[in-house]
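Number of protein chains: 2
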Amino acid sequence: MSADWIALDWGTTHLRGWAMSGSGSVLDERTSDAGMGRLTPEDFEPALLDLAGDWIDGPTTAIACGMVGARQGWTEAAYTPVPAEPLGAQLTRAPTTTPGLKVLIVPGMSQKTPPDVMRGEETQIAGFLALNPGWDGILCLPGTHTKWVEVSAGEVVSFQTAMSGDLFAAISGHTVLRHSVGGEEWSDDAFDAALSDAISRPERLASRLFGIRAAGLLSDPAPGAGRATLSGLLIGAELASVRPYWLGRQIAVIGARRLSSLYVRALGKQGAPATIVDADRITLAGLTSAWRNWKGGA
Amino acid sequence: MSADWIALDWGTTHLRGWAMSGSGSVLDERTSDAGMGRLTPEDFEPALLDLAGDWIDGPTTAIACGMVGARQGWTEAAYTPVPAEPLGAQLTRAPTTTPGLKVLIVPGMSQKTPPDVMRGEETQIAGFLALNPGWDGILCLPGTHTKWVEVSAGEVVSFQTAMSGDLFAAISGHTVLRHSVGGEEWSDDAFDAALSDAISRPERLASRLFGIRAAGLLSDPAPGAGRATLSGLLIGAELASVRPYWLGRQIAVIGARRLSSLYVRALGKQGAPATIVDADRITLAGLTSAWRNWKGGA
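Listed in order, the protein sequences are those of chains A and B. Numbering of the first sequence is given in the numbering used here, commencing with residue 1006 and proceeding in unit increments. Numbering of the second sequence is given in the numbering used here, commencing with residue 1006 and proceeding in unit increments.
In case anyone wonders, no lab produced these hints; they're calculated from the structure. Backbone N, C-alpha and C define an ideal beta-carbon position, used for all residues, glycine too. Please note that a few of the clues may not be correct.
Dumping the calculated SDA-like pairs for lysine to any residue here, alpha-carbon to alpha-carbon at most 25 Å [as the list claims (entries may be wrong)]:
#1 Lys1274(B) x Lys1117(A)
#2 Lys1117(A) x Leu1222(B)
#3 Lys1117(B) x Glu1160(A)
#4 Lys1117(A) x Pro1088(B)
#5 Lys1117(A) x Lys1117(B)
Label pairs and their in silico Cβ distance ranges [stated by the list, open to error]:
#6 Pro1064(B) x Asp1193(A): 56 to 62 Å
#7 Ser1205(B) x Thr1102(A): 53 to 59 Å
#8 Asp1225(A) x Pro1104(B): 38 to 44 Å
#9 Gln1255(B) x Asp1194(A): 37 to 43 Å
#10 Ala1174(A) x Pro1228(B): 25 to 31 Å
Examples of chain A residues toward chain B, derived with CB under 7 Å [as the list claims (entries may be wrong)]:
#11 Ser1115
#12 Ala1158
#13 Val1162
#14 Gln1165
#15 Asp1171
#16 Ile1176
#17 Ser1177
#18 His1179
#19 Arg1183
#20 Pro1207
#21 Ala1211
#22 Phe1215
#23 Ala1219
#24 Leu1222
#25 Glu1243
#26 Ala1245
Working from the sequences, and respecting the hints, build out all of it.
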């Protein structure tokens, strides 16, 4: 089975590939842990052949998005400054030696003030817009580095990154709070209380964090209270910091189901209704748009 | 050489001991890395004998402060609730088998609302008050978990912990910012700017952090700017969260010189002059007070 073209979602920790037909349907799908974080530039082509070598039979184009285009990736795909369409810039060709193989990388986007960058999310945004043509409003893409994106008339107007997921992992794994936030349990009440406190008094965040540890030493908090409190404080601080992005706006949340539902719960508590978008096919829809654009122009 | 008594500063990562004369002068001083973090309860007495066995000749009392009295330490020394004198509670005796050796642990302090705890700092506070009798005001003890302490009439009235040091280490070592804050370089300008921004707009903290990374990708920041910006944001967020502790108060800062001078610089920028106190002898002065109290009552 050979692919007409190959779609690649190539992030820091994982590589996901789809064998695609010319009409845009999925022929096959595979995942590997050959993320950009463990590869040097010369490792990328072999990693792609490991994943998808048997899909390549004759001239084949692969369209890739994500950290594969970072400075430390396969080859740097320079950022497109906003405002711009998410796929508004030319794809960047990566160096290859396999006969017939052409690899094109979707450039990320950058913002000058305040300084910000994204790689990969521009493809998700394009995928969302392909499925929801004419949509205007705010996209929230929760993750390690959550993106808040203002979309209007098919363009990314501005965006803001909050690294709450990265902070949650670092704080819960590498500070004294690791003793207080373990386990899989969860308390909605603790999340809501911490969220409300962080949004209404964001200046108290630095003091509230150690309180999670102290509460665990001095009393007997409900199971999962520490974990939910840390999450509530961080998401609350994030919402406080991006208030202009959600106040009175139409919001769609695109991400992993569990995390997305936390954001929707948090936004709902602020009177900001948000819609969860199934993220599974969004990246592939964006890569398909990129391929169609390129094919149309090629 | 035998000691009349032994003073022990026994924290999570280190053990520091002084051989003391009955008049309170230092006969010898040693340090080891037998911190509480690597010991189980039965390891403490051997660790003490390793450090100071040759100081013990006949009945000898050791006075210890710090994490040695935590639940996971040698034996738990229950917290003294504030308001109280920093050495107001009875010392807790640790179980020993060495003939003539008596080990007494200084209890930490706790606060019910907001929940907070300290262990070790109460001894530094007592040491400061022994050297500055009658002093009223705010003590700031910067470190992994910085303590802000309101002292009045010889008592700890209230206190607040901010874990900025712990956060700095976790964020600079275990998030994407590790790429942006390495090295030993430093920019006072970047520190001041971040500090001012975090104090005046604490609600923006969550968004400002990722900006450190983005600025490094999009421009060419001054050497040390990333590191100083992260420090300024965290100390600024801390100052915003403990404003009632420093606004219009007399402040003394007790801690490592470099970190203390950052706090004094930050407070000075807010129009809050603070005095740096030489921390070297403070803990020993507190342990000496504890020994004198105990001897007077024994």
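Results of checking the hints against the structure:
At roughly 28 Å between alpha-carbon atoms, lysine 1274(B) and lysine 1117(A) are farther apart than 25 Å, so this suggested pair is violated. The straight-line distance between the Cα atoms of lysine 1117(A) and leucine 1222(B) is roughly 11 Å, inside the 25 Å bound, and the hint therefore holds. For the hint linking lysine 1117(B) to glutamate 1160(A), the alpha-carbon distance of about 52 Å lies beyond 25 Å, and the restraint is violated. With a C-alpha separation of about 51 Å, the suggested pairing of lysine 1117(A) with proline 1088(B) is violated against the 25 Å cut-off.
Note on lysine 1117(A) and lysine 1117(B): the hinted pairing is violated, with a Cα-Cα distance of about 46 Å set against a maximum of 25 Å. The given range of 56 to 62 Å is respected by proline 1064(B) and aspartate 1193(A), whose C-beta atoms sit roughly 58 Å from each other. Our hint of 53 to 59 Å for serine 1205(B) and threonine 1102(A) holds, since their Cβ atoms are close to 55 Å apart. In this structure, aspartate 1225(A) and proline 1104(B) meet the distance hint of 38 to 44 Å, their C-beta atoms being roughly 40 Å apart.
The given range of 37 to 43 Å is respected by glutamine 1255(B) and aspartate 1194(A), whose C-beta atoms sit roughly 40 Å from each other. In this structure the supplied range 25 to 31 Å holds for alanine 1174(A) paired with proline 1228(B), their Cβ-Cβ distance being about 28 Å. Hint on serine 1115(A) holds. Least Cβ distance to chain B is approximately 6 Å, under the 7 Å limit. A hinted interface residue such as alanine 1158(A) counts as satisfied when its beta carbon comes closer than 7 Å to some beta carbon of chain B; here the least separation is about 25 Å, so the hint is violated.
Restraint check, valine 1162(A) versus chain B: the minimum CB separation of about 16 Å is more than 7 Å; hint violated. Against a cut-off of 7 Å between C-beta atoms, the interface hint on glutamine 1165(A) holds, since the closest Cβ of chain B lies about 5 Å away. With its C-beta approaching chain B no nearer than about 4 Å, aspartate 1171(A) sits inside the 7 Å limit, and its interface hint holds. Given hint, isoleucine 1176(A) at the interface with chain B, holds; its Cβ is 6 Å from that chain's nearest Cβ, closer than 7 Å.
Hint status for serine 1177(A) relative to chain B: violated, with the closest Cβ pair at about 9 Å, above 7 Å. For histidine 1179(A), the interface hint holds, since its Cβ comes within 7 Å of a Cβ in chain B; the closest pair sits about 4 Å apart. Interface hint status for arginine 1183(A): violated, as the beta-carbon distance to the closest one in chain B is roughly 10 Å, over 7 Å. With a least beta-carbon distance of about 4 Å to chain B, the hint placing proline 1207(A) at the interface is held under the 7 Å criterion.
Hint on alanine 1211(A) holds. Least Cβ distance to chain B is approximately 4 Å, under the 7 Å limit. Taken as an interface hint, phenylalanine 1215(A) checks out: its beta carbon lies about 4 Å from the nearest beta carbon of chain B, inside 7 Å. Of the supplied interface hints, the one on alanine 1219(A) holds, with its beta-carbon coming within about 4 Å of a beta-carbon of chain B, less than 7 Å. Checking leucine 1222(A) against chain B by beta carbon gives a least distance of about 6 Å; that is within 7 Å, so the hint holds.
For glutamate 1243(A), the shortest C-beta to C-beta distance to chain B is roughly 4 Å, which falls under 7 Å, so the interface hint holds. Annotation: interface hint on alanine 1245(A) holds; nearest CB of chain B at approximately 4 Å, less than 7 Å.
In the structure shown, a violation is registered for the earlier hints numbered 1, 3, 4, 5, 12, 13, 17, 19, in ascending order.
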